[in-house]
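Chemist: Keeping their order, the protein sequence lines are chains A and B.
Per the working numbering, residue 491 is the first one in the first sequence, and the count goes up by one each step.
Per the working numbering, residue 416 is the first one in the second sequence, and the count goes up by one each step.
Derived by calculation from the structure, the hints in this document are not laboratory data.
Heads up, some of the hints might be wrong.
Unchecked claim - In silico contact screen, one side only, chain B against chain A (beta carbon under 8 Å); selected entries:
(1) R536
(2) H541
(3) I561
(4) R594
(5) P718
Cβ atoms here follow ideal geometry from the backbone N, Cα and C, with glycine treated the same way.
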Amino acid sequence: MTEQNYVLSIFVENRPGVLSRIVGLFSGRGYNIESLSVAETMEPDVSRLTMVTKGDAVIIEQIKKQLNKLINVIKVYDLTGTNYIQKELALIKVHAKSEGRAEILRIVDIFKGKIVDVGQEHYTIEITASKDKMTAILNLLKPMGIKEIVRTGIIALHR
Amino acid sequence: MEFTGAQILMKVLKEEGVDTIFGYPGGAVLDIYHALAQTDIRHILARHEQGAVHAADGYARATGKVGVSIVTSGPGATNAVTGIASANADSIPLVVITGQVPTHLIGNDAFQEVDIVGITRPCTKHNYLVTDINDLAKTIKEAFFIARSGRPGPVLVDIPKNISASKAAYKLPGEIKMRTYNPTYKPNLKQLRKIVDLIKSAKKPLIFSGGGVTISGGSEELTRFVTRTQVPITSSLMGLGAFPGTHPLWLGMPGMHGTYRANMAISNCDFMLAIGVRFDDRVTGKTDVFASNATIVQIDIDPTSIHKNIPVEIPIVGDCKVSLEELNKLLDEEDFNHVKEKRQPWLDDIEKWKSTNPLAYQAGDIIKPQFVIEKLYELTGGKAIITTEVGQNQMWAAQYYHFEKPNHFISSGGLGTMGFGLPAAIGAQVACPDKTVIDIAGDGSIQMNIQEMATAVQYGLPVKVAILNNRYLGMVRQWQELFYERVYSATTLDHNPDFVKLAEAFGAVGLRAQKSSEVEPVLKEALSTKRPVIMDFVTEREENVYPMVPAGAPISQMLLV
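Chain A on its own, in the form it takes in the complex (with noise of 0.2 Å):
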């Protein structure tokens, strides 16, 4: 059976220990963690997880189940194949000296990105895009040289 990134949204209470348990979960029983966002919802004692995880077909019902068992867990949402947004931010340390700077600005503004932090060599882009776009804007930068990158991994909602 052919593998596949899942996307799942996942609510829990919002306790200590639940991101533990569901991590262990993933752990223990050999899934994928691809990425992983959290955060409270607007009830405070309610966190949303957005989790992609790859898998067969077989695999990912398992893992909707696993997760369903586990106490804490309110409701799981597979979003794989429904009609909804992802997106992701990365902040971006790009390597930037005077004749580059030009280059990377209008790459940035093709990607509606922005400059949050100008240093002698060095320009930090905020970025916020779906998959594919952050990866043509990676593949776009890699040239001038990134020195950091931090993303968050993506975040996904129905439409």
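Once you've looked at the hints, dock chain B against the given chain A.
Modeler: What follows is chain B alone, placed relative to chain A:
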């Protein structure tokens, strides 16, 4: 009026109907033990925390009630882990209370501190650390609710010393309703309807039942269902006793050490109703050829058990007992007379398999372990509660003792914990003082929790231990013989204690049989003794458990005697 956390704990335990606790005191649970002493709850002092939890487990398996255990922090808690993991693997309801260092010391590497909630997260159904005394009562009540409902399992509650020592007002917690946990008991009736149709159309139907039937209390409903439909049935190790082991439609246990007829029936059936099973690898062997000609329907209360190892055509989430009750109602309107003729060739096949390779061994002067169990079955009329250790002793017990009733075969099936049988027998004997309780043991595994003999003697629990003593770690030796060129690496037990003297040193009765003719007298003497007894049966050294399916092979490929 205010109560200490320990007193509040006792109030909730009483409220939950707890009459017996298996435990071991220590620094972090001093307040709890102080409060316990002021109640009428019976406390059984084990000699090791693992023994305490297995005893609570044996108590739970014999009664269907929640077993309760209290242990101290740090090593007390880590010693309990094997017991907890064993109960978790077999879906046994336990509430395990662990002491913890005071909240202000948590995370400080304090004396006897361990993160037991972290350690037991993957081997409990759920667990809690209580950090506010006002949450204590509700947490304990929730722990019982989670332990016994749905697919049961162990729940651990970690109580820091300052929580059990400090005071608060006690308010009786109301009915537990949880937003995130609501098991499905009632099956989808449309799906159930399909089962009836499939049973009618199938030429080669088979039922495969498991521990879920026992746990749900659905044994009578299962028997009614089988009797009505006349479909042959096989039961997993955990399912033994939920259907009478002497019934003509029962095929014995399937799998690695299953009967020839059960494995052949699975390999050839065209319809399988799997109920309360999880298709463990010891049952399925090579999964792609397991019941590969069959339409499989699976009923289980735990959705994760369905479609995990074996793909099924019709998944049904629901309680086994409730599902069987509903099925039996549907059967009322059905007539099975006309299917009999169509099914006759299948029943003929099964008859043929029954007689071709039955369970067998060569009897002689040297004691055969199977012979001991056959005699035990005969002398107890099949009515004893049998616990087992793990290994050959467990498999022979499963093969040769024909269990008629649920809750009478108590064995660590999923985790396969050596050292389980004796403490579990103690728990079962506490629960059922009038029953004969026998631990069928090997000379290896009995030594893993032999200290619990002291517990049996202290409380006057007349448990009987039958050691099938082959001076080997027999099951591992069997694998070494068959698959590792007979290199008996670290499996020889040449320095066993004298088990008869050991029994006497504990204040129990020790008996020994060295040849076949001595087996019956020893068993008779043990069974008529109202004290704990260790029987040392000096058996054939290299007897193997057969049939045997090599790991990962199709279950139709059995090594026979």
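Chemist: Going through the earlier hints one by one, which of them does the structure break, listed in rising order?
Modeler: none
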